[in-house]
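Colleague: Residues per chain, in single letters:
2 protein chains.
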Amino acid sequence: MSVGKQTGKASIFFTDPVYIQSAASVVGSKEGSGPLKEYFDMICEDSMFGEKTWESAESTMQKEAATLAIGKAGLTPHDIRMVFAGDLLAQTIASSFGIAEMGIPFYGLYGACSTMGESLSLGAIAVSAGYGAHILCATSSHFATAEKEFRFPLGYGSQRPLSATWTVTGSGACVIGAKPPRSCSLPGSSPLAHTNGYAAITGITTGKVIDFGFHDSLNMGGCMAPAACDTIHRNLEDFSRSPEDYDAIITGDLGMIGQHILLDLLAEKGTDISSVHQDCGLLIYDNQAQDTHSGGSGCGCAASVLTAWLLPRIASGELKRVLFVPTGALLSKVSFNEGVPVSGIAHGIILEHIPRPCKGGKN
Amino acid sequence: MSVGKQTGKASIFFTDPVYIQSAASVVGSKEGSGPLKEYFDMICEDSMFGEKTWESAESTMQKEAATLAIGKAGLTPHDIRMVFAGDLLAQTIASSFGIAEMGIPFYGLYGACSTMGESLSLGAIAVSAGYGAHILCATSSHFATAEKEFRFPLGYGSQRPLSATWTVTGSGACVIGAKPPRSCSLPGSSPLAHTNGYAAITGITTGKVIDFGFHDSLNMGGCMAPAACDTIHRNLEDFSRSPEDYDAIITGDLGMIGQHILLDLLAEKGTDISSVHQDCGLLIYDNQAQDTHSGGSGCGCAASVLTAWLLPRIASGELKRVLFVPTGALLSKVSFNEGVPVSGIAHGIILEHIPRPCKGGKN
Chain A
1 MSVGKQTGKA SIFFTDPVYI QSAASVVGSK EGSGPLKEYF DMICEDSMFG
51 EKTWESAEST MQKEAATLAI GKAGLTPHDI RMVFAGDLLA QTIASSFGIA
101 EMGIPFYGLY GACSTMGESL SLGAIAVSAG YGAHILCATS SHFATAEKEF
151 RFPLGYGSQR PLSATWTVTG SGACVIGAKP PRSCSLPGSS PLAHTNGYAA
201 ITGITTGKVI DFGFHDSLNM GGCMAPAACD TIHRNLEDFS RSPEDYDAII
251 TGDLGMIGQH ILLDLLAEKG TDISSVHQDC GLLIYDNQAQ DTHSGGSGCG
301 CAASVLTAWL LPRIASGELK RVLFVPTGAL LSKVSFNEGV PVSGIAHGII
351 LEHIPRPCKG GKN
Chain B
1 MSVGKQTGKA SIFFTDPVYI QSAASVVGSK EGSGPLKEYF DMICEDSMFG
51 EKTWESAEST MQKEAATLAI GKAGLTPHDI RMVFAGDLLA QTIASSFGIA
101 EMGIPFYGLY GACSTMGESL SLGAIAVSAG YGAHILCATS SHFATAEKEF
151 RFPLGYGSQR PLSATWTVTG SGACVIGAKP PRSCSLPGSS PLAHTNGYAA
201 ITGITTGKVI DFGFHDSLNM GGCMAPAACD TIHRNLEDFS RSPEDYDAII
251 TGDLGMIGQH ILLDLLAEKG TDISSVHQDC GLLIYDNQAQ DTHSGGSGCG
301 CAASVLTAWL LPRIASGELK RVLFVPTGAL LSKVSFNEGV PVSGIAHGII
351 LEHIPRPCKG GKN
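Top line first, the protein sequences correspond to chains A and B.
Terminal number for the first sequence in full-length UniProt numbering: 363, no gaps in between.
Terminal number for the second sequence in full-length UniProt numbering: 363, no gaps in between.
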């Protein structure tokens, strides 16, 4: 059993690493024709995912990502001790009606687009406490369900301001546990069992809700940047680190405008992360060619970039230590229409390369 | 630090008890004129709680319950390591805009009316792992926000079938931690520091999503009873207990009809809990006199009955061991209108009386 310790008021350092035993991503066709197209496990050309409603489509996509992740870990749903999952929809119905059907003990989460950070945080706490050899963490978003939930019916063909982001149709799922992924010489080995080592969670910084008084639901990056700033700043303080101690600090879905605001806000605190900062929303699309304005967003943005692109780079050792910071904007169409500001939250996950003790198998 | 162990696939036994350090309840006037009126900490005659919208009213109510709980534990928000909170509304806005303003690291949850069980479960896991001297677990519901969210505008004056439950306007909050509440001889002592002892969480059974194919959103008890049955049955199996090992098995908000179905379903499995079963939804209102049909429901139903009525009885030793099973119905107005069944989930919390080692102070 792993014993962690609290480093500060909002962070936990896990003495024993919590291993990412497998990861899987499923995305739609727009994401599948973007810069990361070669890394996704599954690209579905049918945005309905074979279902009759957008919501069922998202459920099916999330369930597919979970099924792939469980399979890549060489496991069955019966081996999974508990699930932490959520999505953007009202009453998190994409998770309740998809992944939940697998019959695994289930904790539903709502962290808006920061949900992958929340699920990995709570999963890692449970693993470090010894409560599960295999825990599943998952989330999803779908362009059509999100537009329907938060903005206008797609048929209206509403114009989007340049500050708007494009909700990613995508899902990411990870199986995490106290032991490294199965070595590749075994059947059902995980691609995250790299010749060089593994990817693991070594610490977390829990997000606080930060309200800067933004009211623009079409500038989500602006709404979330203050929360990302707070979490990154507290992470660096709690762990007594400087930005250079990370090979990369990767936010979830700030997009172009949110990235500018984040760098400015951190600069005001005397912190410069510009040399190591990346944003999943800027990685997943070619904004110019794909007409995605400020970038990608949605729970599925951070989750699919993490599972498809980031984790394999950490397992291989190309990146040694990364601060992954999914960002969420807290609003509903009711709160927005009632004039309540859009506050933000961001959960920080420290991901590290753990070298393989003795180099045996091959990837 | 407490070390727990897994008793079965869905349950955890905490070797060291997770103490309820304080608890608080805030309810509306209807609940405040029901059978439990003398036990609530605060009864607010103004159903708007001084706010301009129903949603803000619920936020304020939840924040008030949290503030009371923190105060009764002799603490300030700064002392709280993390919050687990959620509610029934789309994107859990009652929590995001109330309790979240307190500046405490925040995990948003969605478990429908089972949320108090989910927050206590995750809080207890975090405490048992050593990640927080004080963790806040809270939830709320409001009759007017719930009707607006799930059914019809109140102004329609829609008729309610006899199977319908009445959403409780109420909130409950607990501070939990590894140490017992402050003794009553100290300033800021908790009423849960009883002369005889304390109330503590000694185990949990995580709920699974159970879909029995019900489609009636005005018979929530029927939708949730199969999930309650599953959780209670697995709890008894995982801990090798019979119903008589509990002084009470208390479900969240099944109401009259849900209770009948639960007892029938458990009887089919050869388990008779009729002598120890109670339901918060049947305790909080006088159904005949208050015209609440099948009983009370909502996150706030289980949470306010727990904090106001149940926990003091466990702290005093009147009840030695209780299985508390908040029940949730998983639906949204979108999923309901798209014809998706209403599935259920129920999280089991084992609450036990822990005798005071040496009888010193007085309550």
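Warning: the hint list may mix true and false statements.
Identical copies look the same in the list; a pair holds intra-copy or inter-copy alike.
What the hints assert, rightly or not - No more than 16 Å apart at the CA atoms, straight line, and that leaves these computed lysine to aspartate or glutamate pairs for EDC-like:
id : residue 1 : residue 2
1  : K52       : D264
2  : K179      : E244
3  : K148      : E338
4  : K9        : D41
5  : K179      : D16
6  : K9        : D238
7  : K179      : D79
8  : K9        : D79
9  : K52       : E338
10 : K179      : D211
11 : K52       : D16
12 : K320      : D245
13 : K333      : E38
14 : K5        : E45
Think of the hints as simulated: they come from the structure by calculation, not from any bench.
Colleague: Now, for every hint given, state plainly whether the structure supports it.
Modeller: Results of checking the hints against the structure:
1. K52 with D264: neither (45 Å within a copy, 35 Å between copies)
2. K179 with E244: For K179 and E244, the Cα distance exceeds 16 Å both inside one copy (29 Å) and across copies (39 Å).
3. K148 with E338: between (18 Å within a copy, 14 Å between copies)
4. K9 with D41: The answer is neither: 38 Å in one copy and 30 Å across copies each exceed 16 Å.
5. K179 with D16: Classified as within: same-chain Cα gap 10 Å, cross-chain 25 Å, threshold 16 Å.
6. K9 with D238: For K9 and D238, the Cα distance is within 16 Å only inside one copy (8 Å; across copies 35 Å).
7. K179 with D79: Result: close within a single copy only, 14 Å intra versus 34 Å inter.
8. K9 with D79: Result: close only across copies, 9 Å inter versus 34 Å intra.
9. K52 with E338: between (32 Å within a copy, 10 Å between copies)
10. K179 with D211: Result: close neither inside a copy nor across copies, 39 Å intra and 33 Å inter.
11. K52 with D16: Neither: 45 Å inside a chain and 49 Å across chains, both beyond 16 Å.
12. K320 with D245: Result: close within a single copy only, 10 Å intra versus 52 Å inter.
13. K333 with E38: Classified as neither: same-chain Cα gap 36 Å, cross-chain 38 Å, threshold 16 Å.
14. K5 with E45: Classified as neither; 45 Å inside a copy, 45 Å across copies.
Comparing the model with each earlier hint shows violations of hints 1, 2, 4, 10, 11, 13, 14; every other hint is respected.
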